[in-house]
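Chains A and B are the protein sequences, given in the same order. Quick note: the first sequence uses numbering that gives the first Met the number 0, first residue 0, plus one each step. Quick note: the second sequence uses numbering that gives the first Met the number 0, first residue 0, plus one each step.
Keep in mind that the hints were calculated from the coordinates and are not lab data. Keep in mind the model is a prediction, meaning the values are calculated, not measured. Misleading hints may appear alongside valid ones.
[What the hints assert, rightly or not] DSSO-like cross-link-like pairs, simulated, lysine-lysine; straight-line CA separation at most 27 Å: (1) B/Lys258 / B/Lys288; (2) B/Lys113 / B/Lys129; (3) B/Lys408 / A/Lys346; (4) B/Lys288 / B/Lys113; (5) B/Lys382 / B/Lys346; (6) A/Lys346 / B/Lys258; (7) A/Lys382 / A/Lys408; (8) A/Lys408 / B/Lys346; (9) A/Lys113 / A/Lys129.
Number of protein chains: 2
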Amino acid sequence: MHASAPAVPTAGAPSVDLVPLGGLGEFGLNMMAISCGETTIVIDAGAMFPDSDLPGVDLIVPDLTYLESRRGQVQALILTHGHEDHIGAVPYVLPHVQGPLYGPPLALALVEPKLEEHGVTHGPGIVPVKPRDVVTVGPFTIEFLRVTHSMPDCVAVAIRTPQGLILHTGDFKIDQTPLDNDSFDLPRFAQLGAEGVLALLCDSTNVDRPGFTGSERDVEDAFEELFTSTEGRLIVSTFSSSLYRLQVLIDLAASFDRKVAFIGRSMDRNSQIAQRTGHLHLPTGVVIKDSDVGNFPAQDVLCLVTGSQGEPNAALSRIAINDHRHVRLDDRDRVVISARAIPGNEKAIGRVMNHLARRGVDVITASDRPVHVSGHGSAEELKLILSLVRPKYFIPVHGEYRQLARHAKIAEVVTAGLPNAVHVLMAEDGDVLRFDAEGGRLVDKAPAGRVLIDSTRVGEVDDEVLRDRRHIAADGVVVPVVAINRQTGQLEGVPELMVRGFVTADDEALLTDGAIRLSEVIEACGIEERTDPGLMQERVRTEVRRFLRKRTGRRPLVLPVVMEI
Amino acid sequence: MHASAPAVPTAGAPSVDLVPLGGLGEFGLNMMAISCGETTIVIDAGAMFPDSDLPGVDLIVPDLTYLESRRGQVQALILTHGHEDHIGAVPYVLPHVQGPLYGPPLALALVEPKLEEHGVTHGPGIVPVKPRDVVTVGPFTIEFLRVTHSMPDCVAVAIRTPQGLILHTGDFKIDQTPLDNDSFDLPRFAQLGAEGVLALLCDSTNVDRPGFTGSERDVEDAFEELFTSTEGRLIVSTFSSSLYRLQVLIDLAASFDRKVAFIGRSMDRNSQIAQRTGHLHLPTGVVIKDSDVGNFPAQDVLCLVTGSQGEPNAALSRIAINDHRHVRLDDRDRVVISARAIPGNEKAIGRVMNHLARRGVDVITASDRPVHVSGHGSAEELKLILSLVRPKYFIPVHGEYRQLARHAKIAEVVTAGLPNAVHVLMAEDGDVLRFDAEGGRLVDKAPAGRVLIDSTRVGEVDDEVLRDRRHIAADGVVVPVVAINRQTGQLEGVPELMVRGFVTADDEALLTDGAIRLSEVIEACGIEERTDPGLMQERVRTEVRRFLRKRTGRRPLVLPVVMEI
Numbered sequence: 000m001h002a003s004a005p006a007v008p009t010a011g012a013p014s015v016d017l018v019p020l021g022g023l024g025e026f027g028l029n030m031m032a033i034s035c036g037e038t039t040i041v042i043d044a045g046a047m048f049p050d051s052d053l054p055g056v057d058l059i060v061p062d063l064t065y066l067e068s069r070r071g072q073v074q075a076l077i078l079t080h081g082h083e084d085h086i087g088a089v090p091y092v093l094p095h096v097q098g099p100l101y102g103p104p105l106a107l108a109l110v111e112p113k114l115e116e117h118g119v120t121h122g123p124g125i126v127p128v129k130p131r132d133v134v135t136v137g138p139f140t141i142e143f144l145r146v147t148h149s150m151p152d153c154v155a156v157a158i159r160t161p162q163g164l165i166l167h168t169g170d171f172k173i174d175q176t177p178l179d180n181d182s183f184d185l186p187r188f189a190q191l192g193a194e195g196v197l198a199l200l201c202d203s204t205n206v207d208r209p210g211f212t213g214s215e216r217d218v219e220d221a222f223e224e225l226f227t228s229t230e231g232r233l234i235v236s237t238f239s240s241s242l243y244r245l246q247v248l249i250d251l252a253a254s255f256d257r258k259v260a261f262i263g264r265s266m267d268r269n270s271q272i273a274q275r276t277g278h279l280h281l282p283t284g285v286v287i288k289d290s291d292v293g294n295f296p297a298q299d300v301l302c303l304v305t306g307s308q309g310e311p312n313a314a315l316s317r318i319a320i321n322d323h324r325h326v327r328l329d330d331r332d333r334v335v336i337s338a339r340a341i342p343g344n345e346k347a348i349g350r351v352m353n354h355l356a357r358r359g360v361d362v363i364t365a366s367d368r369p370v371h372v373s374g375h376g377s378a379e380e381l382k383l384i385l386s387l388v389r390p391k392y393f394i395p396v397h398g399e400y401r402q403l404a405r406h407a408k409i410a411e412v413v414t415a416g417l418p419n420a421v422h423v424l425m426a427e428d429g430d431v432l433r434f435d436a437e438g439g440r441l442v443d444k445a446p447a448g449r450v451l452i453d454s455t456r457v458g459e460v461d462d463e464v465l466r467d468r469r470h471i472a473a474d475g476v477v478v479p480v481v482a483i484n485r486q487t488g489q490l491e492g493v494p495e496l497m498v499r500g501f502v503t504a505d506d507e508a509l510l511t512d513g514a515i516r517l518s519e520v521i522e523a524c525g526i527e528e529r530t531d532p533g534l535m536q537e538r539v540r541t542e543v544r545r546f547l548r549k550r551t552g553r554r555p556l557v558l559p560v561v562m563e564i
Numbered sequence: 000m001h002a003s004a005p006a007v008p009t010a011g012a013p014s015v016d017l018v019p020l021g022g023l024g025e026f027g028l029n030m031m032a033i034s035c036g037e038t039t040i041v042i043d044a045g046a047m048f049p050d051s052d053l054p055g056v057d058l059i060v061p062d063l064t065y066l067e068s069r070r071g072q073v074q075a076l077i078l079t080h081g082h083e084d085h086i087g088a089v090p091y092v093l094p095h096v097q098g099p100l101y102g103p104p105l106a107l108a109l110v111e112p113k114l115e116e117h118g119v120t121h122g123p124g125i126v127p128v129k130p131r132d133v134v135t136v137g138p139f140t141i142e143f144l145r146v147t148h149s150m151p152d153c154v155a156v157a158i159r160t161p162q163g164l165i166l167h168t169g170d171f172k173i174d175q176t177p178l179d180n181d182s183f184d185l186p187r188f189a190q191l192g193a194e195g196v197l198a199l200l201c202d203s204t205n206v207d208r209p210g211f212t213g214s215e216r217d218v219e220d221a222f223e224e225l226f227t228s229t230e231g232r233l234i235v236s237t238f239s240s241s242l243y244r245l246q247v248l249i250d251l252a253a254s255f256d257r258k259v260a261f262i263g264r265s266m267d268r269n270s271q272i273a274q275r276t277g278h279l280h281l282p283t284g285v286v287i288k289d290s291d292v293g294n295f296p297a298q299d300v301l302c303l304v305t306g307s308q309g310e311p312n313a314a315l316s317r318i319a320i321n322d323h324r325h326v327r328l329d330d331r332d333r334v335v336i337s338a339r340a341i342p343g344n345e346k347a348i349g350r351v352m353n354h355l356a357r358r359g360v361d362v363i364t365a366s367d368r369p370v371h372v373s374g375h376g377s378a379e380e381l382k383l384i385l386s387l388v389r390p391k392y393f394i395p396v397h398g399e400y401r402q403l404a405r406h407a408k409i410a411e412v413v414t415a416g417l418p419n420a421v422h423v424l425m426a427e428d429g430d431v432l433r434f435d436a437e438g439g440r441l442v443d444k445a446p447a448g449r450v451l452i453d454s455t456r457v458g459e460v461d462d463e464v465l466r467d468r469r470h471i472a473a474d475g476v477v478v479p480v481v482a483i484n485r486q487t488g489q490l491e492g493v494p495e496l497m498v499r500g501f502v503t504a505d506d507e508a509l510l511t512d513g514a515i516r517l518s519e520v521i522e523a524c525g526i527e528e529r530t531d532p533g534l535m536q537e538r539v540r541t542e543v544r545r546f547l548r549k550r551t552g553r554r555p556l557v558l559p560v561v562m563e564i
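So that you can see chain A by itself, here it is in the shape it has in the complex:
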């Protein structure tokens, strides 16, 4: 068999367009549209959490103009796994999809509450798939392949198109000893490679790391030592979707006779969902309610908490400033941050650690002990996939430009010695990559970008405001400026509320009342909260939104500026 034969399309076969709508040029927002003739399918619908570059919003989702332009032709949304950067935009994308939503059971279970919150029911059906399942959507035949990652039940997708086979890895690392023994389907990757792959789309997240990433089991020893040596409560903060990590910790807790409390909304919700789908196993009697933490001796408790990124409203931030309803720490307790710092969050995490240090609590991070392992493959794993798949075209996905560029260089080196060198296509969000008789190339730009979502709370989705780039100015902007004395926590002067395009600045009464209300709220906070600009920024934003909504019924974009002086 000639290895690359099936990749040659039949003469006159219709062209296939690959259109990345997110994740090629940023971390997050992962979404890829594939169009052929009258059919478009979409792989993943990810969200992104805003950082200091995009203040004043809760969530970011991809611009869907391209899907709108394919109205009536979007025949499937396919999820590779249940991380927010792959499923967070599903409630926004699904109404544009006329065909089924496909995905592994865990991913679908994690999507379900999102759809409920948004009141989205999906007539065309929600279809769970398992590895090696094959579904056909118009000219596409889609096969699901097991891959390993930091959560269970992840898949890659192999899509047979009239132009050849497109293989999209999704997120992965090659975990040779997965906690649930559900192994990466390397044999099938190799088979498809031998059969001939037109285009490989591969996760670039960890391209900068040399070597292999390591198994989820690699944290077991460090945690075992921490269970042994911690005299008081053990508090571990990690992503609530890192279910393997949670399982390792729960199993250790059971063997060390500690009770487990899930603290924080997403920790509670995700652990329940994963239990239901069979992806998290809780020995009988191990779990206690968060409100019972205080009723057990400190040395008998493990708390699994949200907030590993220093998020102001998450459990760990509240615990750190001694402002959590159920958990109060003392100097025998130990906090472990079992996650990497997502770039941009370093200072917020540092501030949480400062607050914990004030409690006398020992804080352990991945730079102290091996308490975290990444979910994404390092350079050698990326090379291995390239060597197995030997695609005709290679398209690095999931990364900022520098990661994509480095992945491209790796691909060139790895495949230099092969009979058919790989063609690297460097694409960014909105680029239209066409495959036809002339080969694969960039032919066009589709609209792509970010839509900002502003919603006060889960459960208030009715009031959710979608702001695309055309609406920001029209909705109005309010900038509260607050100066706080870093030493005393006192407000310096009265806060300023600056407004444009929302009410006229002449409405002095409204602005004065708002400023007074804001002063009161700030003065009611504890000194640790007042001297933490990250926490204050969130507090000011929430409070000003609430005030303006109550007084005017409107929801301008609120961009707080908190100065610590």
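Place chain B on chain A using the hints.
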């Protein structure tokens, strides 16, 4: 001799107050006042560079209220070395000092242009000191001890007071093979320890790192390999004060027949100063002007550039977007970032790397190769100092709260086995630590905080605006809000200029003109600059300040909000 005898003060000896005015609770702003009777001396006068928590200002210096309260009694300012976080506030502090400015020659040489810019002449004299020199200031006898760090000519200070000996390490690591063979004076540290030290104040910066930091020579091998393998220009970005790093690179350039260009204002200035003081040695004929970079073959050039932290106006940021007058890169060139990312700067540095990747340039960081070594001692070096000095009281300095707290724990472990356990005093900025017959303890709070400096350019210091916390509201605040399409770089809508306390918002003509001017400036930028929020923020700030100053003659605080959507 009884080891701790001289640490026991004579009966009735006057009390000594230690008052940290910066650096205990943050990185930067290092400044410590020591008062006894009618005499106060000040160790270091550091500045801090603002980050996203303090937008709209150029520099931060410590609040000097405590020094004002000691008017006429501040008899010396003593510098330990020439880094900005130790000398950046000298022009602001010196007018409060009635006695001499003491410091090692390199530090004084680096201060000199700052004083010139600010028109500060210091009547009481500027006195260079060398290791083992002793000066007397009122009740204090101050000895200077050589320590090693990432720059030459650094000292610790040992201060004999009526209450005993206070030893302040300044910044240090223990470099066993300093590039200039000017070794850490460990013997004198040991002697003083044997004599008896009342209080040790020790640098906590790297307390979180296990082991030893390593010598400045440790980067030589990695750079030698890079000189060997780089086909085009070699561009190395590092702090311009990292003179050992510069020396390593210059020596390699000479042996590899590359010419050296210093690119960026501070790189140019510091290399000239250090040459003059004999701390940087440039072989004849090696240096070329920045404007000559284009006249040499790429493989014959080494550029030493500013901007390792992604600063928008620094040389590396301009080079990265192909907007530098003299340096244009292509895909045979290589950029090395020979510095760590200061927390908070990760995203800005990442953006510079993305731009460079678009040029096809290979970017090497310390996570790829050992091209950087820290200037601060790791845990084992801190333990060594504690073991040698064996102080009665230990006060961790230079760090956020969590570093100080961890350093305190290390001190307790190290000294647990000694005959006299160390007493740790955890202090923060403004705490007054008193030493008298009752021992050492926290007795009071002095005013401490941050003063924000807003100056357009060096050379325009006349127009420098010092804003302390009482003046921010009065000066007025302007918030330009700009939304830019991440994909196209186009402005989305017209920029908004929001104002409070500066002009009335009724002056619509001013605001409209300002918004139009801002639109024009943004549209004139290249797409790479427009789609980089960090660069745009600085551009918007500069432009709005210039516009308002021209039109109104006033200088409100400008806090730009740039949204990338």
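Okay, the hints, checked on the actual structure:
no.	hint	result
1	B/Lys258 / B/Lys288	10 Å, holds
2	B/Lys113 / B/Lys129	22 Å, holds
3	B/Lys408 / A/Lys346	23 Å, holds
4	B/Lys288 / B/Lys113	24 Å, holds
5	B/Lys382 / B/Lys346	34 Å, violated
6	A/Lys346 / B/Lys258	39 Å, violated
7	A/Lys382 / A/Lys408	11 Å, holds
8	A/Lys408 / B/Lys346	23 Å, holds
9	A/Lys113 / A/Lys129	22 Å, holds
Figure legend: structure checked against the earlier numbered hints; hints not met, in rising order: 5, 6.
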